[in-house]
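Reconstruct the complex from the two isolated chains, following the hints.
Chains G and C, in that order, give the protein sequences. The first sequence begins at -13 in the numbering used here and counts up by one. The second sequence begins at 1468 in the numbering used here and counts up by one.
Hints are computed from structural coordinates only; laboratory data are not their basis. For every residue, glycine included, the Cβ atom is placed at its ideal position computed from N, Cα and C. One should not assume that every hint holds.
Said to hold, decoys possible - Only pairs whose alpha carbons sit at most 20 Å apart, straight line, appear in this in silico SDA-like list of lysine to any residue:
(1) C:1486 to G:120
(2) C:1480 to G:80
(3) G:0 to C:1626
(4) C:1480 to G:0
(5) G:106 to G:69
Stated by the list, open to error - Partial list, derived from the structure: chain C residues whose beta carbon lies under 7 Å from chain G:
(6) 1473
(7) 1550
(8) 1551
(9) 1554
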Amino acid sequence: MNIIEVKNLSKKFKGLTAVDNISFNVEKGEIFAFLGPNGAGKSTTIKMLTTLLHPTEGEMQLNGHNPVENPDEVRRSFGIVFQDPSLDDELTAYENIELHGVLYDVPRAIGRKRAEELLKLVELWDRKDDFVKTFSGGMKRRLEIARGLLHHPKILFLDEPTLGLDPQTRNHMWNYIKELNQKEGITVFFTTHYMEEADRIAGRIAIIDHGKIVASGTTQELKEKTGKASLEDAFLELTGKVIREEEAGSIDVMRMNRRMWAGKK
Amino acid sequence: MKTIYILWLRQLKRYSRSKSRIIGSLGQPLLFLLSLGYGFGPIFQKAGQGNYIQFLAPGIIGMSIIFTSIFSGIEIIWDRQFGFLKETLVAPVSRFNIMLGRTLGGATVATFQGIIVFIISVIAGFRPTSWASIPATILVMLLVALLFTALGTAIACILEDMQGFQLIMNFLVMPLFFLSGSLFPLQGSLLTIARFNPLSYGIDAFRFLLTNSSHFGLGLDIAVLSVVSLIFISIGSYLFSKIQI
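Chain C extracted, bound-state conformation (with noise of 0.2 Å):
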């Protein structure tokens, strides 16, 4: 439990301690918020889906968690190449729980980007249908990001350096984004693509609670978000106990 607990702490510590680092990863969220949603805003209108900022801004929130999450289990490579990683695997702990608080860590920090986006998207003009669902938002934000830092922890057990990390972010990150119906509407075989893709749930959750608008309904969201967690959980904790240095 202390060791979960005190690496669990290090991320956090590692996450606030750099101020450049979450304001960069502000950049992104906020360029897309304010220039596809003002962009786009009179076209989806006209198209008579209404408000696009209200329809965008639970897209922008999943984008920002899965980016930190995915980027935050990738920091294991970083902690292979500045040597820390060998400080925690000489250790008399087991390996499940230097990975699951690693994991948890990463998962509060990209909660935590999650709600710094909510606030933006507040700023920009969203507006929640439902201010008494935040909590449960937020809930739902831990437990995407749970899910995409151990799919990034798995993905560093793998990798070996950093050359990689193009090939991840070019070819699954961006991927995952932009199927997941975060920027347009779900239909026709977009749709049957995104039922593959666990953010897809994520982001319908979010609009479930966010705006009351959903597609798989919020009790298969939480359920697919729940068991494919799990899933990449045990997958990740599995390579990181292979790990030879």
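With the rest of the complex left out, here is chain G (with noise of 0.2 Å):
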């Protein structure tokens, strides 16, 4: 059974076709590897995907619903950890989790219940009520993965969850979602810039490259259609090796900005 299905999707940005006419399905219960180079497409199908936009064109359902119709359903259908932090720093870990259960309409007997054991899977139980902005990158998506399982969904989505985490951390935390996938049958759909990664966790994985999916399968399977031997050598081939430059939106000029300061003071 699908618990995704995209068909004919695209996103156009005035006079940019970030997404163009794309489909592909995930299955219930796989681990599904959306890889690309920079500003392939990637990030926007995810947001299509979670209902942060809306596609100019294309059909989409998640776990049976359509993102665009029936966004609260689809809502409640996913996690996801986004490629930059979305925890508030001026609150403690614990409240974090709090507010994400109330949002999400988790019980609360149930949500303090789940919040203890989720924490205590990432290790983060112990500093539950230390403030987040006293957290390190990876104690942060640590916590931000707890969070996004606190309302047990069928889809968990991960837009680059590794950037910057150091090999403890990453394999740590893909222990923990191999786990999870294996045990709660929770779907995993996840993007990334480690080829190793990808070649370890997958089941099935897209390559997307200028908005189109150039290639899919296993990774056994893209290796033996590009007569590679690893699938970073697949991946530049399907890719090709010119560096991609990605427009800094407005966001990423005030983040600039902050270090800027920050770095000042």
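As structure tokens, this is what we get:
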């Protein structure tokens, strides 16, 4: 059974086609990797699937619901870890989890029990009353994963979840996600730039470039198709070796300013 | 309901935890109250207008409320930048409730700020004519705060980053404050301009309740403030519902 179905999906911004008529399916219980160079359309696709952006054209179904027509049903079906942190730094770890529980209408008693389980799992239980602003990048990621799972989603979206994490944390995180996938049958949809991660973890992979899906299949199939020994080489064969430029949006500019000002203090 | 409550609570927690923000935002009203109050006091008296602190204090309360409210509304830009906005936008709750919770939270914070400035002005020599009208004054503070937090929210939905913040401060907030009759009595063309400024009605209501003097009358004040608040909340929630990231 397909838990995600995407058919002829396109997203056009002013003068730019970010996602160009893509179609793919993700089966229930699968770990699916969505790979592509910078600016290929990965995040745009995730944003459309997660109701943050409206598509220009095309059909989508998540857990049997359409993100455009039935956003709240779709929102209840997934948990997400965004590319950049989306925690409230001024709240404690536990308060962030609690707030999530209220937003997703998780009954209080159940929410408390799950929060404890999840925070213990990501090894943050003893830091639960600390402010998130005191956390390292890896700790924030772990907290976001715990938070994303609190409402028992059927699908977990991970947009470059291991960016900037050390190998220990990455390893730990993936083990945990694989376990969840096997035990709870949660479908995992992730993007990454680390090819060995996709190679090791994903059941199936789709490669997107210039808004189009250029190849999909198991890692073995992709290697055979391109006649390369590693997924990295297969990826480069499919998407070329030219370095991509990504236009900085206003948010990126602001982030840069923040870093500048933070550095001055 | 729970959504509104938890987001309201979040604003309050953020406020109460940031001591430097509380103290920092009191600096400006304090400076205005003391330097203008004591500086212009004798001139005001000579001009036959009575005690300047009595006149000025309601204006400065209004000032602290408008600054804090607009800033609370504009905070959505920070949430967008720090990513927390996304967490609320992918949650299965209505955007209207998210916006309302935030706005009520911001308005509550601004009301606190107004109450603190009121206490400071009493210490500085301000004497309300009737202490019984304090609860009503606080309600009006909340109304004014709601109005401007909703305005800040609406603005934040249009602005994508903090670059435009100076623009808003210098071309919107400052003129609203200076042209509201908060610092000097309204006369002539100034009065005409002030009629189009919602803050004028807020400050007029404070003066009515605290010093028993008013231009427009309390009824008109409350009516204008309520209607404009509703308009801004509608615009704010419409723009908020259209946010795409």
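Verification of the supplied hints:
For a cut-off of 20 Å, the pair hint linking residue 1486 (chain C) to residue 120 (chain G) stands: about 17 Å separates their Cα positions. Between residue 1480 (chain C) and residue 80 (chain G) the CA atoms are separated by roughly 14 Å; this keeps the pair inside 20 Å, and the hint holds. Taking the CA atoms of residue 0 (chain G) and residue 1626 (chain C), the gap is about 18 Å. The hint holds against a cut of 20 Å. Distance check on the hinted pair: residue 1480 (chain C) and residue 0 (chain G) sit about 40 Å apart at the alpha-carbon level, beyond 20 Å; violated.
Distance restraint check for residue 106 (chain G) and residue 69 (chain G): the Cα-Cα separation of roughly 23 Å exceeds the 20 Å cut-off, and the hinted pair is therefore not satisfied. Because the beta carbon of residue 1473 (chain C) sits about 4 Å from the nearest beta carbon in chain G, less than 7 Å, this interface hint is met. Evaluation of the residue 1550 (chain C) hint against chain G yields a held restraint, the C-beta minimum of about 4 Å falling below 7 Å. The beta carbon of residue 1551 (chain C) comes within 5 Å of a beta carbon in chain G, closer than 7 Å, and the hint placing it at the interface holds.
A hinted interface residue such as residue 1554 (chain C) counts as satisfied when its beta carbon comes closer than 7 Å to some beta carbon of chain G; here the least separation is about 4 Å, so the hint holds.
Checked against the numbered hints above, the structure breaks hints 4 and 5 and satisfies the rest.
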